[in-house]
Amino acid sequence: MKAKIYINYKEGILDPEGQTVSKALKSIGINGINDLVIGKCIELVLDTQNEQEAKKIIEESCSQLLSNPNTEVYTYEIINENQS
Amino acid sequence: MKFAVIVFPGSNCDYDAYYVVKKHLNCEVDFIWHKENLINEYDCIIIPGGFSYGDYLRAGAIAQFSKVMTEVKNHAKKGKYVIGICNGFQILVETGLLPGALITNQSTNFISQSVTLEVVNNKTKFTNIFKENQTIQMPIAHKQGNYFANSDLLKNLEDNNQIAFKYQTNPNGSKNDIAGIFNKNKNVLGMMPHPERASEILLGSDDGFNIFKSIISG
Numbered sequence: 000m001k002a003k004i005y006i007n008y009k010e011g012i013l014d015p016e017g018q019t020v021s022k023a024l025k026s027i028g029i030n031g032i033n034d035l036v037i038g039k040c041i042e043l044v045l046d047t048q049n050e051q052e053a054k055k056i057i058e059e060s061c062s063q064l065l066s067n068p069n070t071e072v073y074t075y076e077i078i079n080e081n082q083s
Numbered sequence: 000m001k002f003a004v005i006v007f008p009g010s011n012c013d014y015d016a017y018y019v020v021k022k023h024l025n026c027e028v029d030f031i032w033h034k035e036n037l038i039n040e041y042d043c044i045i046i047p048g049g050f051s052y053g054d055y056l057r058a059g060a061i062a063q064f065s066k067v068m069t070e071v072k073n074h075a076k077k078g079k080y081v082i083g084i085c086n087g088f089q090i091l092v093e094t095g096l097l098p099g100a101l102i103t104n105q106s107t108n109f110i111s112q113s114v115t116l117e118v119v120n121n122k123t124k125f126t127n128i129f130k131e132n133q134t135i136q137m138p139i140a141h142k143q144g145n146y147f148a149n150s151d152l153l154k155n156l157e158d159n160n161q162i163a164f165k166y167q168t169n170p171n172g173s174k175n176d177i178a179g180i181f182n183k184n185k186n187v188l189g190m191m192p193h194p195e196r197a198s199e200i201l202l203g204s205d206d207g208f209n210i211f212k213s214i215i216s217g
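Here the protein sequences line up with chains A and B, keeping their order. For the first sequence, counting from 1, position 43 maps to 42 in numbering that gives the first Met the number 0; every step adds exactly one. For the second sequence, counting from 1, position 158 maps to 157 in numbering that gives the first Met the number 0; every step adds exactly one.
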């Protein structure tokens with residue numbers, strides 16, 4: 000079982016990297032982008048095939064280390080390879 | 000007084016801090032590798048600057064789980080003194096010994112320059128030599144020094160006199176121009192500027208040395 004975790008800044012937290020890249024896209028003539036956020040994507044390969052167990056591992060990892068609750072939020076998706 | 004300087008893989012201001020305490024303050028000081036226990040009882044623990052664990056994930060995020068940090072937390076809980084400088088401040092924030100977060104500078108650049116700071120609270124173990132609102136010079140050298148706190152926390156910090164230093168000209172986007180803060184009990188200080196690099200006139204300023212002098216005199 001695999002998981003993809005997406006970590007982004009909370010709303011209202013400055014994302015200087017996102018702002019800089021957004022300006023760079025505008026400067027090369029790509030218009031129509033209202034907002035751009037740069038976050039992190041972390042891929043996990045899990046030992047378990049049990050989705051509840053997977054969720055527990057992912058949430059523990061995110062709350063204890065992978066994300067900072069003061070400034071970041073996380074979402075994740077679980078990819079069950081047997082079904083794909 | 001007895002000092003300890005914690006050393007992580009990637010610490011690079013550890014020798015500077017050790018040198019200032021040993022040679023200028025004339026106090027006993029030990030280096031403590033992050034995987035070791037505190038070998039003595041210490042009065043003050045210094046968490047130095049650098050790039051512990053390469054700043055991977057977030058600055059200070061991985062160092063917070065080092066073996067020695069459990070003992071540093073216990074040391075702080077007893078009311079003993081801890082000072083985190085630059086990466087040390089980031090580690091203290093990640094550990095939860097200090098509130099808030101340190102995020103990427105507003106300009107996205109690594110900033111290395113001398114800054115003027117205002118001493119906001121001079122009634123603590125770390126700042127008692129300074130006059131209230133005294134301005135002092137110290138260098139900063141960081142990319143993730145932009146102090147973030149929500150409005151409730153900022154109010155708490157102001158109300159509890161937890162702000163140690165403010166930048167006279169904000170270099171990095173920090174909320175309320177904050178350069179350094181204390182915990183509620185004022186026995187833990189975290190600051191982005193480097194007092195150990197401003198402890199000899201030869202280096203351009205010895206204002207930083209007054210923080211170390213305050214610790215042993217107050």
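The hints are simulated quantities; they were obtained by calculation from the structure and are not laboratory data. Beta carbons: idealized from backbone N, C-alpha and C, even for Gly. Do not rely on the hints blindly, as some may be mistaken.
[Stated by the list, open to error] Capping the alpha-carbon separation at 20 Å, the derived lysine to any residue pairs in SDA-like fashion look like this: (1) Lys154(B) x Ile12(A); (2) Lys22(A) x Lys165(B); (3) Lys174(B) x Gly11(A); (4) Lys72(B) x Gly38(A); (5) Lys142(B) x Lys25(A); (6) Lys66(B) x Tyr8(A); (7) Lys142(B) x Glu71(A); (8) Lys39(A) x Gly53(B); (9) Lys154(B) x Ile37(A); (10) Lys9(A) x Asn73(B); (11) Lys25(A) x Thr107(B); (12) Lys9(A) x Asp42(B); (13) Lys174(B) x Tyr8(A); (14) Lys9(A) x Lys1(B); (15) Lys25(A) x Ser106(B); (16) Lys174(B) x Leu13(A); (17) Lys34(B) x Asn73(B); (18) Lys39(A) x Gln143(B); (19) Lys165(B) x Asn175(B); (20) Lys1(B) x Asp42(B); (21) Lys174(B) x Asp14(A); (22) Lys183(B) x Lys142(B); (23) Lys142(B) x Tyr8(A); (24) Lys174(B) x Lys39(A); (25) Lys174(B) x Lys25(A); (26) Lys9(A) x Leu152(B); (27) Lys21(B) x Glu71(A); (28) Lys142(B) x Gln18(A); (29) Lys174(B) x Lys22(A); (30) Lys142(B) x Ile4(A); (31) Lys9(A) x Gly53(B); (32) Lys142(B) x Asn7(A).
[Said to hold, decoys possible] Going by beta-carbon spacing under 10 Å, a handful of chain B positions derived as facing chain A: (33) His23; (34) Asn25; (35) Cys26; (36) Val28; (37) Pro98; (38) Gly99; (39) Ile102; (40) Asn104.
Here is what the structure says about each hint:
1. With a CA separation close to 18 Å, the supplied pair Lys154(B) and Ile12(A) stays within the 20 Å bound.
2. Restraint check: the Cα-Cα separation between Lys22(A) and Lys165(B) comes to about 30 Å, which exceeds 20 Å; the hinted pair is violated.
3. Annotation: proposed proximity of Lys174(B) to Gly11(A) holds, straight-line Cα distance about 13 Å (limit 20 Å).
4. Pair hint Lys72(B) plus Gly38(A) does not hold up; C-alpha atoms about 30 Å apart against a cutoff of 20 Å.
5. With a CA separation close to 25 Å, the supplied pair Lys142(B) and Lys25(A) exceeds the 20 Å bound.
6. For the suggested pair Lys66(B) and Tyr8(A), the alpha carbons sit about 29 Å apart, so the restraint of at most 20 Å is broken.
7. Proximity of Lys142(B) to Glu71(A) is assessed by CA-CA distance (about 18 Å); at most 20 Å being required, the pair is judged to hold.
8. With a CA separation close to 17 Å, the supplied pair Lys39(A) and Gly53(B) stays within the 20 Å bound.
9. In summary, the hint linking Lys154(B) to Ile37(A) is not supported, as the alpha carbons are separated by about 29 Å, beyond the 20 Å threshold.
10. Only pairs whose Cα atoms come within 20 Å are accepted, and Lys9(A) paired with Asn73(B) is rejected, the gap being roughly 31 Å.
11. Of the pairs offered as hints, the one joining Lys25(A) and Thr107(B) holds, with about 18 Å between alpha carbons and a cut-off of 20 Å not exceeded.
12. Straight-line distance between C-alpha atoms of Lys9(A) and Asp42(B) comes to about 38 Å, which puts the hinted pair past the 20 Å bound.
13. For the proposed pair Lys174(B) and Tyr8(A), the alpha carbon gap of about 16 Å is at most 20 Å, so the pair holds.
14. For the hint linking Lys9(A) to Lys1(B), the alpha-carbon distance of about 41 Å lies beyond 20 Å, and the restraint is violated.
15. Simply put, Lys25(A) and Ser106(B) have alpha-carbon atoms about 18 Å apart, close enough for the 20 Å limit, and the pair holds.
16. Of the supplied pair hints, the one linking Lys174(B) and Leu13(A) holds, its CA atoms being roughly 11 Å apart against a limit of 20 Å.
17. For the hint linking Lys34(B) to Asn73(B), the alpha-carbon distance of about 16 Å falls within 20 Å, and the restraint holds.
18. Between Lys39(A) and Gln143(B) the CA atoms are separated by roughly 16 Å; this keeps the pair inside 20 Å, and the hint holds.
19. Restraint check for Lys165(B) and Asn175(B): the C-alpha separation of about 8 Å stays at or below 20 Å, so the hint holds.
20. For the hint linking Lys1(B) to Asp42(B), the alpha-carbon distance of about 5 Å falls within 20 Å, and the restraint holds.
21. A threshold of 20 Å between alpha carbons decides the hint, and for Lys174(B) with Asp14(A) the separation of about 14 Å falls inside it, so the pair holds.
22. Of the supplied pair hints, the one linking Lys183(B) and Lys142(B) is violated, its CA atoms being roughly 27 Å apart against a limit of 20 Å.
23. Straight-line distance between C-alpha atoms of Lys142(B) and Tyr8(A) comes to about 17 Å, which keeps the hinted pair within the 20 Å bound.
24. The suggested pairing of Lys174(B) with Lys39(A) is violated, with an alpha-carbon distance near 24 Å, which exceeds 20 Å.
25. About 28 Å separates the Cα atoms of Lys174(B) and Lys25(A), which puts this hinted pair outside 20 Å; it is violated.
26. Note on Lys9(A) and Leu152(B): the hinted pairing holds, with a Cα-Cα distance of about 16 Å set against a maximum of 20 Å.
27. Using a Cα cut-off of 20 Å, the hinted pair Lys21(B) and Glu71(A) is violated, with the two alpha carbons roughly 40 Å apart.
28. Distance restraint check for Lys142(B) and Gln18(A): the Cα-Cα separation of roughly 16 Å lies within the 20 Å cut-off, and the hinted pair is therefore satisfied.
29. About 24 Å separates the Cα atoms of Lys174(B) and Lys22(A), which puts this hinted pair outside 20 Å; it is violated.
30. Taken as a hint, the Lys142(B) and Ile4(A) pair is broken in the structure, with Cα atoms around 25 Å apart against an allowance of 20 Å.
31. The suggested pairing of Lys9(A) with Gly53(B) is violated, with an alpha-carbon distance near 24 Å, which exceeds 20 Å.
32. Distance restraint check for Lys142(B) and Asn7(A): the Cα-Cα separation of roughly 19 Å lies within the 20 Å cut-off, and the hinted pair is therefore satisfied.
33. At about 36 Å, the closest approach between the beta carbon of His23(B) and any beta carbon in chain A exceeds 10 Å, and the interface hint on this residue is violated.
34. Given the 10 Å rule on beta carbons, the hint for Asn25(B) is violated: about 39 Å separates it from the nearest Cβ of chain A.
35. Interface restraint check for Cys26(B): the shortest CB-CB distance to chain A comes to about 34 Å, outside 10 Å, so the restraint is violated.
36. Of the supplied interface hints, the one on Val28(B) is violated, with its beta-carbon coming no nearer than about 31 Å to a beta-carbon of chain A, more than 10 Å.
37. Hint status for Pro98(B) relative to chain A: holds, with the closest Cβ pair at about 8 Å, below 10 Å.
38. For the restraint placing Gly99(B) at the interface with chain A, the shortest Cβ-Cβ distance is roughly 7 Å, inside the 10 Å limit, so the hint holds.
39. Interface hint status for Ile102(B): upheld, as the beta-carbon distance to the closest one in chain A is roughly 6 Å, under 10 Å.
40. Against a cut-off of 10 Å between C-beta atoms, the interface hint on Asn104(B) holds, since the closest Cβ of chain A lies about 7 Å away.
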